[in-house]
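J.: Protein chains in written order, with this note's numbering: chain A, -12 to 358; chain B, -12 to 358.
These aren't lab readings, by the way, just hints derived from the structure by calculation.
Just to be clear, a hint being listed does not mean it is correct.
Claimed, not checked - Where chain A lies over chain B, by a calculated footprint (3+ residues, C-beta under 8 Å):
1. 36 to 45
2. 51 to 63
3. 323 to 334
Cβ coordinates follow ideal geometry from the N, Cα and C atoms, glycine included.
Protein chains: 2
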Amino acid sequence: MDTDNALETLIITRDDIAEIVAAVGHDHLMDEVISGLDAAFRAFDLREKVPIRDGFVIGKRRQGTLEWMPIMSRHEALIKMVSYSPENPLDRGIPTILATITLFDNQSGHLLAVCDGVVATALRTGAASALASRALARPDSETIGLIGCGAQAVTQLHALSRLSPVKRALVYDVDAKVAQSFLRRTAFLGLDVQVSPLDRVEAEADIICTQTSVAIGEGPVLTGTGLKPWVHINAVGSDLVGKTELPRAVLERSLVCPDYLPQAIREGECQQLPPDRIGPSLPELLQRAEEFSGWREKPTVFDSTGFALEDRVAVEVMLRQARALGCGTFLPVEYLAEDPQDPYSRPRTRARSAPRIRPVRQPRSLTERSS
Amino acid sequence: MDTDNALETLIITRDDIAEIVAAVGHDHLMDEVISGLDAAFRAFDLREKVPIRDGFVIGKRRQGTLEWMPIMSRHEALIKMVSYSPENPLDRGIPTILATITLFDNQSGHLLAVCDGVVATALRTGAASALASRALARPDSETIGLIGCGAQAVTQLHALSRLSPVKRALVYDVDAKVAQSFLRRTAFLGLDVQVSPLDRVEAEADIICTQTSVAIGEGPVLTGTGLKPWVHINAVGSDLVGKTELPRAVLERSLVCPDYLPQAIREGECQQLPPDRIGPSLPELLQRAEEFSGWREKPTVFDSTGFALEDRVAVEVMLRQARALGCGTFLPVEYLAEDPQDPYSRPRTRARSAPRIRPVRQPRSLTERSS
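Whole structure, please, built from the sequences with the hints as guidance.
T.: As structure tokens, then:
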């Protein structure tokens, strides 16, 4: 352990994330999150209880949330704080989903790191859909339908394109301008992306992703008629009690796989189903893939509410890359007094030669400790 | 709003806290927290539901916790993350209680500030006991008994000395060295502080504070015999399901006032009482002080589990002082992309002249916005 930094906190900012993305590239970063998530889901103990996220309702129209998502691992505890404010892009020019991830040493309680969670959230949400689609969609799925073309749609299509032989995307948004700008935002993928009416999306897509900010009680966001018999749907937008995107009839005829069951029955599409009609969770599905492979020819749904396990994987990727690049900044956030039993004693100081704030070229591994 | 900093996060570090304490002084800082807390408790709507804190058990011996404590106010949401690791001082040379406070804008979800919570926690826990003691102890209380002489004991005695005519403190700790060092740690108070056997503490104190790290099931930490008939006890150490510090018989003959009832019945001394034997909460007590003034001559207990409302007051004091002193550092923590609907677009940048990381002399008010 680097004693100079041992009692400080590694801050990974917007600029560090930009440095990581620029150095590593979108594709490699997404691939790392996908493979990390695949491994984490396969290793996940299905009996493990993870706290269900909880939160506040926020915003003038009370359609937003601010939530905390905790998860414990062997050496660390993670708490992601994530907000959903659908009016952010138009009213404030900032993303609908904002997030910050905090990591703590689970022996001392020390705050190890504070990391942007906006990019991590977008990456891991896409990665989860890609893994679900690999397990449940036809292997020759070439046409993707996207309903809702905001920020999350970009990483949905990107992630799917990494695991499936995607050629075409048919995209729909209630805001035609947002659908149109999606072509520019995904130009880097080199796919045939077309703005389409909803009925065409439903009729032609092998895989559909819904990531809308439909309000509580105002769904569903597709009709559910004319779908391909083998359609796989990643329902990504459900994240509020009462908010759902899919018609109940679609769920009733599909194998519905939640990311984390206790959360999905509270705020996912699974709100619409009795417990005995819910299929295996995504971790279970990946652990017993062969058993469910027959469903590739039948309708399936991945009910993606967002699972803290996914955030852990994404932040591990970010911190590993930060370490490799030497980006990030250590700050002494917690007041650690010279005498730990005297909160009024002077703060521990760094070695005299260290500047007060500095970028660190060799941040210590936060996630791969041997002890 | 300072547009340059509007989408960044104010970080208040260990060094900033030290600067605030040095500039303002312990007494003034404590007085500000006490008066802020008094006002906040009087204004608190007793019907308001605050999420009960939840958390993980941590540590090798599983006697620690890492918890999250959320509370919403008019403009902001606060989440404190706080850990309790009783082996920290001896094993690691750091405080038992570590904490970090995060503040969010409750319209956009933006992370406004990350602030050390170690000092804020110590201050507000002392302040709460001082207010409870003013309401429930005899006004001429001159002798304070302290059981458990760690970091929290310092701010308990300090806070009590600001509101009561304290002359003497009798202090006891299972670790004699810790009791002895308490004299040095509280020398700044100019009081007659004596290490004492437990029975003398119990027999002579007008006000007793218990802030121990007794393990689950290993209490009580005092016998409850020979206490003064008007003794007021601040039971500060209970913060775990199963952990209690006081004998049930003491609780049964006292007016027991929790800080926040739903939490106290889960992890405070109130665990030991049936609901109909629990008195008014501290906010209720302060709102209806006259009604309970007769209890000053009778035994009373303040069941202090730690309430997020107290943290809000303490962080408001810290941020106000940081603003006045111009300390703190703005960092762009969240990845806010130029195009909010494209997580892969470049990050928003600052004005060209702004350095990447800098101390800010005029941080914007985070807690006193007019809008």
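J.: For every hint, state whether the structure bears it out.
T.: To see whether the hints hold, each was checked on the structure:
1. 36 to 45: Satisfied; 5 residues make the cut.
2. 51 to 63: Answer holds; 5 residues pass the 8 Å Cβ test.
3. 323 to 334: holds (count 11)
Going down the numbered hints, you'll see the structure goes against none, and every one checks out.
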